[in-house]
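Note that the protein sequences, when read in sequence, are chains E and H. For our numbering, add 1 to where a residue sits in the first sequence, where the first one is 1. For our numbering, add 492 to where a residue sits in the second sequence, where the first one is 1.
Fair warning: there could be bad hints in the mix.
[Said to hold, decoys possible] Pairwise CB distance ranges (calculated):
#1 H:F656 x E:F24: 25 to 31 Å
#2 H:I564 x E:T72: 30 to 36 Å
#3 E:E66 x H:G670: 23 to 29 Å
#4 H:V675 x E:T72: 16 to 22 Å
#5 H:D825 x E:F24: 42 to 48 Å
[Unchecked claim] With the C-beta cut set under 10 Å, the calculated list includes, among others, these residues of chain E facing chain H:
#6 L6
#7 I13
#8 L19
#9 P34
#10 L37
#11 G44
#12 S49
[To be verified] Listed below are the simulated SDA-like cross-link pairs for lysine to any residue, each with C-alpha atoms no more than 25 Å apart in a straight line:
#13 H:K513 x E:L21
#14 H:K513 x E:P34
#15 H:K949 x H:R911
#16 H:K866 x H:M788
#17 E:K31 x H:E857
#18 H:K546 x E:S70
#19 H:K514 x E:R94
#20 H:K608 x E:Y17
#21 H:K608 x E:V23
#22 E:K31 x H:V856
#23 H:K513 x E:L19
#24 H:K572 x E:S70
#25 H:K608 x E:M15
#26 H:K514 x E:S70
#27 H:K574 x E:F99
#28 H:K546 x E:M15
#29 E:K31 x H:K546
#30 E:K31 x H:S519
#31 H:K577 x E:E28
#32 H:K513 x E:L61
Just so you know, these hints were derived from the structure itself, not from any lab. All residues carry an ideal CB built from backbone N, CA and C; glycine is no exception.
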Amino acid sequence: MNGLLEFIGTNIEMIYILILAVFLGVEVIKHIPAVLHTPLMSGANALSGVVVVGAILVMLNSDPEDYFSLTLGFIAVVLGILNVVGGFAVTGRMLQMFKKKDK
Amino acid sequence: MSISLSIIYLIATVSFIVGLKKLGNPSTAKNGNLIAAAGMGLAIAGTIFIHDFKVPPLIYILIGLAILIGSIIGGLMAFKVKMTKMPELVSLFNGFGGSSAALIGLVEISRDAGDKLQAMTIVSGIIIGAITFSGSMIAWGKLNGSLKSVINIPYHNIVNNLFFIGVIAFGAYMVTSGGNNPVLVVALLASGLLYGILFVLPIGGADMPVVISLLNSLTGIAAAITGVLYSNMVMLIGGILVGSAGIILTIAMCKGMNRTLGAVIFGAFGGTDAASDEDRKLGSIKKTNPSDSAIMMNYASNVIIVPGYGLAVAQAQHVIHELEEILTEKGVDVKYAIHPVAGRMPGHMNVLLAESNVDYSLLVEMEDINSQFKNTDVVLVVGANDVVNPAAHNDPSSPIYGMPILDVENAKHIIVNKRTMNAGYAGIENELFYNDKTVMLFGDAKDALTKLVSELKNM
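Same shape as in the complex, but just chain E (with noise of 0.2 Å):
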């Protein structure tokens, strides 16, 4: 229990941003037309490839001789790019489809 406590404690700060983070989410979300659900499916989905910046840090982080790390992260970063990537570039495609008709 004292455990806990203390662990509460020592990381306040890190509990009071995740707690606004999660609101924040959920007030940035609310509103959105049907239309809008599978582009911003996929645009979240781009936005979750922000685990790619840890792997890059696995990378940075790895003893040139560490191949066990090395390789793991190399793969990390070229899956969580995959995701960047691809999915801010088909969200931008098919968003691109709705921007031509508005004339």
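Fit chain H to the given chain E structure using the hints.
Structure of chain H alone, referenced to chain E:
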């Protein structure tokens, strides 16, 4: 962390929030996407170039190579994909993001574990990443038809829940014991992967969009957890935004299909309701052919087209636009009625029709068009079923009772194009097909519409 990198992450985080906000409005969506993408580019570039590690050139080359490979493959996939295949693609990309999170966890657990918080983030990153990866791959397989749609595992609810508790307990043991025994780490990864498979396998193909949205949300949470591990705000906030936005989207989709999230996950459309349907007399159906349908539409003053899943599967979005143009030339007032969950995922029909250059203003949403059906001469239903089933209004025993539908039965004439008399994904009969005003035009949507168009051209 240097101050300049912190500022870069701050800018990137704000751009994610602004981008996501703008993505929610049709007129600003394109800018929103660009702003979020720019923020992401900034965060990635900042991470690579501003840090305190001593990095040999070889690693820079490797990182550059990885980014190059990922960008080329991702870009090609994004530009090559057919719009009807969008759900598969989102699912695939999502799986990649999840596996990236799991791989990071695998590397970090092999290093010195540090304190309990770090151990906890690493272990949960591996579990969630593994679940999203295998779950997304199963969803992808189901959507592209390489996996049989519903695979029944006996007692799957009990088995899954027990298994899930087991995975959590295993993870908790790993955290408290501080263990990084490679055998246990591999077992942890394997149990996460297996749970992802068990979780998605029993869920029906038509519910996949909900599952993908849920898994997408999970990938966001995995990214956020990795953000906690590195005390990295852009990952933390970006991930949480996706996590909570994903949950909201998931709930919105469930509402459109009149399902609760629990019903999707635990598969509540039982077989018991179907039995009572057989007793009821529904009368007989009337068949029609393309030439009669063409005549009906030619002499109508207004036509509403109701496109559905069948249109997307048959890739008939271009033909239907042709039909609409011919009718408009002949002086018929044509509109499209778009149900919120029409197509293969919510909002998908809008994307498909936009792809075939249908004028955006002709697409009318359900709430706005429902009052217009009673003044409509002909409604053409193409490959839609449950979203036009009057049972949603007048049969309290029906599993779709209470679901918002398009009130096509109020129109003067209804033409329904379907491949067969098979029930829709809810597995229930549709009394609309037996209505006196309804005629059935059987056949593949693309074939039937092509014939309809050529008949109309000859009139």
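Hints, one by one, checked against the model:
1. Taken as a hint, the range 25 to 31 Å holds for the pair F656 of chain H and F24 of chain E, whose Cβ atoms sit roughly 27 Å apart.
2. Hint check: I564 of chain H to T72 of chain E, Cβ distance near 20 Å, so the stated range 30 to 36 Å is violated.
3. One distance hint, 23 to 29 Å for the beta-carbon pair E66 of chain E and G670 of chain H, holds here, with the actual separation near 25 Å.
4. At about 19 Å, the beta-carbon gap between V675 of chain H and T72 of chain E stays in the expected band of 16 to 22 Å.
5. Judged by the Cβ atoms, the range 42 to 48 Å given for D825 of chain H and F24 of chain E holds: they are separated by roughly 45 Å.
6. The beta carbon of L6 of chain E is not positioned within 10 Å of any beta carbon in chain H (closest approach about 14 Å), and the interface hint is therefore violated.
7. Proximity of I13 of chain E to chain H is violated relative to the hint, the smallest CB-CB distance being about 13 Å (cut-off 10 Å).
8. The criterion of a C-beta within 10 Å of any C-beta in chain H is met by L19 of chain E, whose closest approach is roughly 6 Å, and the hint holds.
9. A cut of 10 Å between beta carbons decides the hint on P34 of chain E: the least distance to chain H is about 7 Å, and the hint holds.
10. Because the smallest distance between the Cβ of L37 of chain E and any Cβ of chain H comes to about 6 Å, under 10 Å, the interface hint for this residue holds.
11. Annotation: G44 of chain E was flagged as interfacial toward chain H, and the flag holds, the nearest CB pair being 5 Å apart, inside 10 Å.
12. Taking 10 Å as the C-beta contact cut-off toward chain H, the hint placing S49 of chain E at the interface holds, the least distance being around 4 Å.
13. Taken as a hint, the K513 of chain H and L21 of chain E pair is honoured in the structure, with Cα atoms around 16 Å apart against an allowance of 25 Å.
14. Our distance criterion of 25 Å between C-alpha atoms is met by K513 of chain H and P34 of chain E, whose separation comes to about 12 Å.
15. Pair hint K949 of chain H plus R911 of chain H holds up; C-alpha atoms about 24 Å apart against a cutoff of 25 Å.
16. Restraint check for K866 of chain H and M788 of chain H: satisfied, since their Cα atoms lie roughly 17 Å apart, inside the 25 Å limit.
17. Taking the CA atoms of K31 of chain E and E857 of chain H, the gap is about 18 Å. The hint holds against a cut of 25 Å.
18. With a C-alpha separation of about 16 Å, the suggested pair K546 of chain H and S70 of chain E falls inside the 25 Å cut-off, and the hint holds.
19. Distance hint between K514 of chain H and R94 of chain E is fulfilled; the C-alpha atoms sit about 16 Å from each other, no more than 25 Å.
20. Note on K608 of chain H and Y17 of chain E: the hinted pairing holds, with a Cα-Cα distance of about 20 Å set against a maximum of 25 Å.
21. Between K608 of chain H and V23 of chain E the CA atoms are separated by roughly 24 Å; this keeps the pair inside 25 Å, and the hint holds.
22. The suggested pairing of K31 of chain E with V856 of chain H holds, with an alpha-carbon distance near 21 Å, which does not exceed 25 Å.
23. Of the pairs offered as hints, the one joining K513 of chain H and L19 of chain E holds, with about 18 Å between alpha carbons and a cut-off of 25 Å not exceeded.
24. Only pairs whose Cα atoms come within 25 Å are accepted, and K572 of chain H paired with S70 of chain E is rejected, the gap being roughly 33 Å.
25. A hinted pair counts as satisfied when its Cα atoms are at most 25 Å apart, and K608 of chain H with M15 of chain E qualifies at roughly 16 Å.
26. Straight-line distance between C-alpha atoms of K514 of chain H and S70 of chain E comes to about 38 Å, which puts the hinted pair past the 25 Å bound.
27. About 16 Å separates the Cα atoms of K574 of chain H and F99 of chain E, which keeps this hinted pair within 25 Å; it holds.
28. Proximity of K546 of chain H to M15 of chain E is assessed by CA-CA distance (about 28 Å); at most 25 Å being required, the pair is judged violated.
29. Pair hint K31 of chain E plus K546 of chain H does not hold up; C-alpha atoms about 44 Å apart against a cutoff of 25 Å.
30. Restraint check for K31 of chain E and S519 of chain H: the C-alpha separation of about 17 Å stays at or below 25 Å, so the hint holds.
31. As the CA atoms of K577 of chain H and E28 of chain E are separated by approximately 30 Å, the hinted pair breaks the 25 Å bound.
32. With a CA separation close to 33 Å, the supplied pair K513 of chain H and L61 of chain E exceeds the 25 Å bound.
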